[in-house]
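Participant: Below, each chain spelled out in residue letters.
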Amino acid sequence: MSPLANGLPHTPALIGNSSSALIFIAAEEAGFPLNGAPFALGPQPPFNADITEFHPEILQLLKQGAVFSIVNTGARDLLTLIQHPQPFDFILPDRPDLPLDPNAQLISFYAMRDAFKRHLNKDFGILTLAKSCAAGKVIHIISQPPLESEEIILTYAPWQLKESDRISSPWLRLKAYLLCTSLLIEFCKENGIEIIYPPAIAIDDKGFLKTDYYSNATHANVAYGRLVLEKMKEWV
Amino acid sequence: MTHPYSDAASHRLWRRGVSAFEANADPIVNFPFRISPSDKIVTAGGCFAPLIANRLQTAGYNFLVTEKAHPLLPEETAALFNYGRHSARYGSVHTARQLLQLLRRAYGRFEPIEDMWFEGDNKLVDPFRPLIQPDGFACIEEYRLDRAQHFAAVREAFETMDVFIYIFSMTECWENRKDGAVFPLCPGVAGGHFDESVHAFRNQDVGEVVADMTLFLEELREVNKDLRVILAVSPVQFIATGSDDHVLCASTYSKAVHRAACEAITKCDPAVAYFPSYEIIAGPQTRGRYFDDDLRSVTDAGVDRIMDLFFKHVTDEGAQWAASGNETRVEIGVKSEQVNYAARAQSLTKSLCDAVLLDLGG
Numbered sequence: 001m002s003p004l005a006n007g008l009p010h011t012p013a014l015i016g017n018s019s020s021a022l023i024f025i026a027a028e029e030a031g032f033p034l035n036g037a038p039f040a041l042g043p044q045p046p047f048n049a050d051i052t053e054f055h056p057e058i059l060q061l062l063k064q065g066a067v068f069s070i071v072n073t074g075a076r077d078l079l080t081l082i083q084h085p086q087p088f089d090f091i092l093p094d095r096p097d098l099p100l101d102p103n104a105q106l107i108s109f110y111a112m113r114d115a116f117k118r119h120l121n122k123d124f125g126i127l128t129l130a131k132s133c134a135a136g137k138v139i140h141i142i143s144q145p146p147l148e149s150e151e152i153i154l155t156y157a158p159w160q161l162k163e164s165d166r167i168s169s170p171w172l173r174l175k176a177y178l179l180c181t182s183l184l185i186e187f188c189k190e191n192g193i194e195i196i197y198p199p200a201i202a203i204d205d206k207g208f209l210k211t212d213y214y215s216n217a218t219h220a221n222v223a224y225g226r227l228v229l230e231k232m233k234e235w236v
Numbered sequence: 001m002t003h004p005y006s007d008a009a010s011h012r013l014w015r016r017g018v019s020a021f022e023a024n025a026d027p028i029v030n031f032p033f034r035i036s037p038s039d040k041i042v043t044a045g046g047c048f049a050p051l052i053a054n055r056l057q058t059a060g061y062n063f064l065v066t067e068k069a070h071p072l073l074p075e076e077t078a079a080l081f082n083y084g085r086h087s088a089r090y091g092s093v094h095t096a097r098q099l100l101q102l103l104r105r106a107y108g109r110f111e112p113i114e115d116m117w118f119e120g121d122n123k124l125v126d127p128f129r130p131l132i133q134p135d136g137f138a139c140i141e142e143y144r145l146d147r148a149q150h151f152a153a154v155r156e157a158f159e160t161m162d163v164f165i166y167i168f169s170m171t172e173c174w175e176n177r178k179d180g181a182v183f184p185l186c187p188g189v190a191g192g193h194f195d196e197s198v199h200a201f202r203n204q205d206v207g208e209v210v211a212d213m214t215l216f217l218e219e220l221r222e223v224n225k226d227l228r229v230i231l232a233v234s235p236v237q238f239i240a241t242g243s244d245d246h247v248l249c250a251s252t253y254s255k256a257v258h259r260a261a262c263e264a265i266t267k268c269d270p271a272v273a274y275f276p277s278y279e280i281i282a283g284p285q286t287r288g289r290y291f292d293d294d295l296r297s298v299t300d301a302g303v304d305r306i307m308d309l310f311f312k313h314v315t316d317e318g319a320q321w322a323a324s325g326n327e328t329r330v331e332i333g334v335k336s337e338q339v340n341y342a343a344r345a346q347s348l349t350k351s352l353c354d355a356v357l358l359d360l361g362g
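If you're matching them up, the sequences are chains A and B in order. For the first sequence, position 182 matches number 182 in the working numbering, and the numbering has no gaps at all. For the second sequence, position 273 matches number 273 in the working numbering, and the numbering has no gaps at all.
Just so you know, these hints were derived from the structure itself, not from any lab. Where a beta carbon is used, it is the ideal one built from N, C-alpha and C, also for glycine.
Only pairs whose alpha carbons sit at most 30 Å apart, straight line, appear in this in silico DSS-like list of lysine-lysine:
1. A:K231 x A:K189
2. A:K131 x A:K233
3. B:K123 x A:K189
4. B:K123 x A:K122
5. A:K122 x A:K233
6. A:K122 x B:K68
7. B:K267 x B:K225
8. A:K233 x A:K137
9. B:K68 x A:K117
10. B:K178 x B:K123
11. B:K40 x B:K267
12. B:K123 x A:K206
13. A:K131 x A:K231
14. A:K117 x A:K206
15. A:K231 x A:K210
16. B:K123 x A:K117
17. A:K206 x A:K233
Chain B stretches covered by chain A per the calculated footprint, using a threshold of three residues with CB under 8 Å from any CB of chain A:
18. 77 to 88
19. 131 to 140
Start from the sequences and build out the full structure, keeping to the hints where you can.
Facilitator: See the structure below:
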């Protein structure tokens, strides 16, 4: 892997998966110095199997200054993007207003929470490692909410899907996002990691990502990256 | 001179039926029916029932689970939330009264006054299965919907099973003084608050157990008339007693009552059989060897011994079926569907990530 580094001291770093790409592009446009690289660029993840050591090149970058994280190994998309052949739903106790599919199998909130926690363990591990290695603050960027439109998502749903596959209801996807987000926030607060919330201007009244800010079915675009970059600047 | 004992079969004589065999004594004589691997088996009881269910399943028998974890849930989560321990998520059903109550509640014939227990702001406990969710339920709507789902699963289990195995656990229970609803655990132990003016201790006698079980069987047969039933008494001893008696005496009383109740019920009903799991473990022939260090739990070797005799006397094809490698015939379809779904979801999310990375020249 080839991390992006400007070699300047005290330069903040950004670690994360594909979602970090839009921020790197926005940073480059704005001339904002930012070290790092999306994890997914290299042939192997930049940490060992049990997430106890970063690759030396990454480690060097983390020791320069603040570390931003947009780590997101995609738990919510893996669990809720495509409608499961055995439809399920759950109630988010903090948002009783969100509709529930009466024909789906109900999974209790705490069971969903436990399942998501297990799926998020890798994200938690990376954040823990980053916190232990970083010279400055670690600031986690909460990823953007899902798109509401199933039609838009379907246009990006490629060959992997079967003809019978459907996209999960927007409400289930939103609930999964909110649950994942709450778990990440809880983890960050417990571990002294600062949080950048999604820019309010990019979110519609119902809580979905506005259509001005998507790049594909599960990713935001550079315009969204610019908004996040503005929030990042407040920490540097 | 001849008399009724002069040419008695060996099993009728302690010296030949027990002393001669010691721990290998086999107390089962002429079990009245057989079960086959295709028979749908439902189990209920205390903590001993899941051990039996697990062994039946492992041996390729059709342990019917009508309330399954959604395949999305990791196995660890499913286990934590008590999926698959019993045929439906009813938890421990210690007493015959609780069993009758479960049936009546599932069919809407009994609605207890004490319907839910609150613990702080974020925990709602089901008084009738207080340990089913480690942290209770998150809100009232979820609780009600989950319970409706649970009762549907109970009805499906009761209506579609071929064999029902009930393992009597305790005679002791705590009840609501107003409507007689019984709880599997004393209020206050794992939820709720104990209030002497509301809750009363009850220790069932033989007559009550027989009456409750007879009513249960009558009402069960209204929805499943060809059912075969196996009754057993759990050899697991009490952890504690709600009475003032010594716990050893209280535990012995409970086992004795249930043993007598089984005899009374099976004598009148040819479709109900008694399986002597209690005698296999707790009889003097074992010299206590099947009890764990706490002298109340049953060791794996004890469960093995029970199941060896169960397969020998109650099933015809158990060993052959298990040997044929068909143990997981029901689950295979579900698993492969789940694997395909997970693979498609993973492939889709990866391709969407790759598309974004292309913008960065990756």
